[in-house]
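Modelling step: build the complete structure from the supplied sequences, incorporating the hints.
Quick mapping for you: the protein sequence lines, in order, are chains Y and E.
Residues -11 to 392 (our numbering) make up the first sequence, in order.
Residues -11 to 392 (our numbering) make up the second sequence, in order.
Heads up, some of the hints might be wrong.
For identical chains, the list gives no copy identity; a pair is met inside one copy or between any two copies.
What the hints assert, rightly or not - When the alpha-carbon atoms are kept at most 20 Å apart in a straight line, the in silico SDA-like pairs for lysine to any residue are as follows:
#1 Lys85 with Ala(-8)
#2 Lys164 with Ala(-5)
#3 Lys85 with Arg362
#4 Lys85 with Leu193
#5 Lys389 with Val0
#6 Lys164 with Ala(-8)
These are computed hints drawn from the structure, not numbers from a lab.
Source: prediction; values computed, not measured.
Number of protein chains: 2
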Amino acid sequence: MGTAVEALYSQVARSGPPLFFPDPEVPAVFNFDQGLAAPETFPRGDLLRIAKLILDRDGADPLDYFDPDTGYEELVFGYRGLRERLAERIAVRQGRKLGADGVILTSGSVQGIALAVNGYVDPGDVVFVEAASFPYALRYMDMARAEIRTVPVDGKGMDVAALETLLDAAVAEGRKVKMVYTIATFQTPTNTVMPLDRRRQLIGLLRRHRFILMEDNVYGDLRFAGEEVPTLLSLDDTGRVIQCGSFSKTVAPALRMGWIAGEAAAIAALAAVRQDLGVSQWTARILAEFLAEGLMEPHLARANAVYRAKAAVAVRAVREHCGDYVKFDEPEGSFYLWLEIDDRVDWDRAAELAAREGIFFRPGERFTSGDDKRQFLRLAYSHVGEDVIANGIARLGQILKECA
Amino acid sequence: MGTAVEALYSQVARSGPPLFFPDPEVPAVFNFDQGLAAPETFPRGDLLRIAKLILDRDGADPLDYFDPDTGYEELVFGYRGLRERLAERIAVRQGRKLGADGVILTSGSVQGIALAVNGYVDPGDVVFVEAASFPYALRYMDMARAEIRTVPVDGKGMDVAALETLLDAAVAEGRKVKMVYTIATFQTPTNTVMPLDRRRQLIGLLRRHRFILMEDNVYGDLRFAGEEVPTLLSLDDTGRVIQCGSFSKTVAPALRMGWIAGEAAAIAALAAVRQDLGVSQWTARILAEFLAEGLMEPHLARANAVYRAKAAVAVRAVREHCGDYVKFDEPEGSFYLWLEIDDRVDWDRAAELAAREGIFFRPGERFTSGDDKRQFLRLAYSHVGEDVIANGIARLGQILKECA
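Shown next as structure tokens:
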């Protein structure tokens, strides 16, 4: 077939795809890999009913891009009706008043993260991230040729005092700091929640330094224990916090609907770099109706009850089978256990044994700060059934003992 | 709200959004602007029936990202079942055999174009495009900091002899030519079809020079008169033709489903630069079923009959009302009339008068080759009703006469 086409790849294409996937040749037996919503929570009856309702009822055509007589902005921002409902929900739940032009709809939160990176980061700009973070966000920063600098994470999320030192150092070097990316609530992979005082300190840093604070809030609605902490968006008075959210973790991933919210001027940068013709009208209208009918909060209550039960099974199984080979905090929400593996365990060998048996998880999770030699495992219990959780963790416990 | 956030925008965000939209303050009366499929052709009954069928029938969950036990590749390539159906259809209709790994699903064809640009073009690389072309494609090339060079277009599409000279010149300059982008069938905005001999010459150039030939084939299924011409993908023996297509022009835009097809090694570059988590499983499965049930070809026959009738109304109205102030070729497919406005007409003034009355079209269409002073209008008749076509063109004819 002629000249090898690979010679024509762009630099960025040569560097990807970068993300870890399990070996496709090994059948999954216990799949704790990706952070996926539980299929039994998907509100399929309501979604199908509303899908039909929308087609039967709405004048402007839900199968079209938008209403071409009025809706051109919907090509870049998405269906206005859903943006209004999301802005209302942010006002109610977070006390922050935004207009529809303060919300842009995206293909899941990840596209929103990519748009934020591309809308703000030029090659060589500095971005700060937690020392263990969401791999896709890091990939998009890397594709934008950002200089990624890591901030330590402890049991309370990003170490904001350390960030302050790092910010001052970057400024002293004359570097342009464009963005701080934090998953303040149920940080992945550590599952920590940043407490209020630390959030206030972070907003204080935002007042003093000119950067965009991207708050990844995709897990914010997935609390099943403990008290809510105010979001960074709710504490912001600079107009430079943008917050991403998604229906993928809460309603259903196949809707491909996420968003980024913030002041209109902060969101406009994302609209300017979009490389598609917006999200689906049909899907956006389904979700607008889902919110308008008041279905979201009772749905979340049901979904979080499922995750509370699965977390309890996971915690019990780890306590019973992994003994003192692991340390962890009990989760108050989200999809994960973050297990620190005792250094008696040969973790490289254990992870390889587990992978060979089809026990999938993120075995390569490390803090990216070079001097942290602790070994961790992110175990996502959300997508699988309670029996898989219990049996998979039991088998993992045996492997840990074999490798100790 | 503190420091103006605009100071933080990336260079590329400052340059966008670039695309022409009608003035939102002026109500649309006759909307001939965007190239949109006719809503009356959307197969809403079948789509809704299949949406339900998929949810009721399919084991692996259509509301999920993918089946996490086997389907990780679907995050970057999309639902395998639809890729297989598309590959089959390409084999039948174009005689080119590709596997499922030769098709990547994208959010409409535009995301596919963006992925192709990002997968192949580094800053400073040269890309060739027709001198009047699809604005979004040009925007994505610009965002990738390609050097865009234009090739003249005549009544037979891209002037391939001119491209040969331009290619040789670029090579002589020591420039890296990465891509030639052509809309060979129903070129937009000119609506021309490149004849077979010119296509063969183009493939000849592809054999001699190392570049990617991106064939935008989104209008390829929209022929309502004349004879089909073999696609560039069907003529290719280099493995360096990639072809984009979309269900947006043929089935319904809100499905947000397009694709790019080619040899697996050529498509892998696109997968590597993706900045989302793939397309909707639900939507992809709906379309796979739509194809599997054999609904596509009869649907296209019905849709093309609608466009044939609308084209006839438009042609008749232009002949009757615009007289010899315009020249045009009768369309054999797609959504547009491409009208050359006689130089007796003060076209800037006419376009402004029309816009003020809510007659929307692309008034700024020009060949981007600097020395071409002819003035053109792309009139999209596809989305509106036959009465709007007839009355809008009648009013346009009056304006042309007033401005002559």
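Each hint tested on the structure:
{"no.": "1", "hint": "Lys85 with Ala(-8)", "verdict": "between (54 Å within a copy, 19 Å between copies)"}
{"no.": "2", "hint": "Lys164 with Ala(-5)", "verdict": "between (34 Å within a copy, 12 Å between copies)"}
{"no.": "3", "hint": "Lys85 with Arg362", "verdict": "neither (42 Å within a copy, 50 Å between copies)"}
{"no.": "4", "hint": "Lys85 with Leu193", "verdict": "neither (22 Å within a copy, 58 Å between copies)"}
{"no.": "5", "hint": "Lys389 with Val0", "verdict": "neither (42 Å within a copy, 53 Å between copies)"}
{"no.": "6", "hint": "Lys164 with Ala(-8)", "verdict": "between (39 Å within a copy, 16 Å between copies)"}
Hint violations for this structure: numbers 3, 4 and 5, all remaining hints satisfied.
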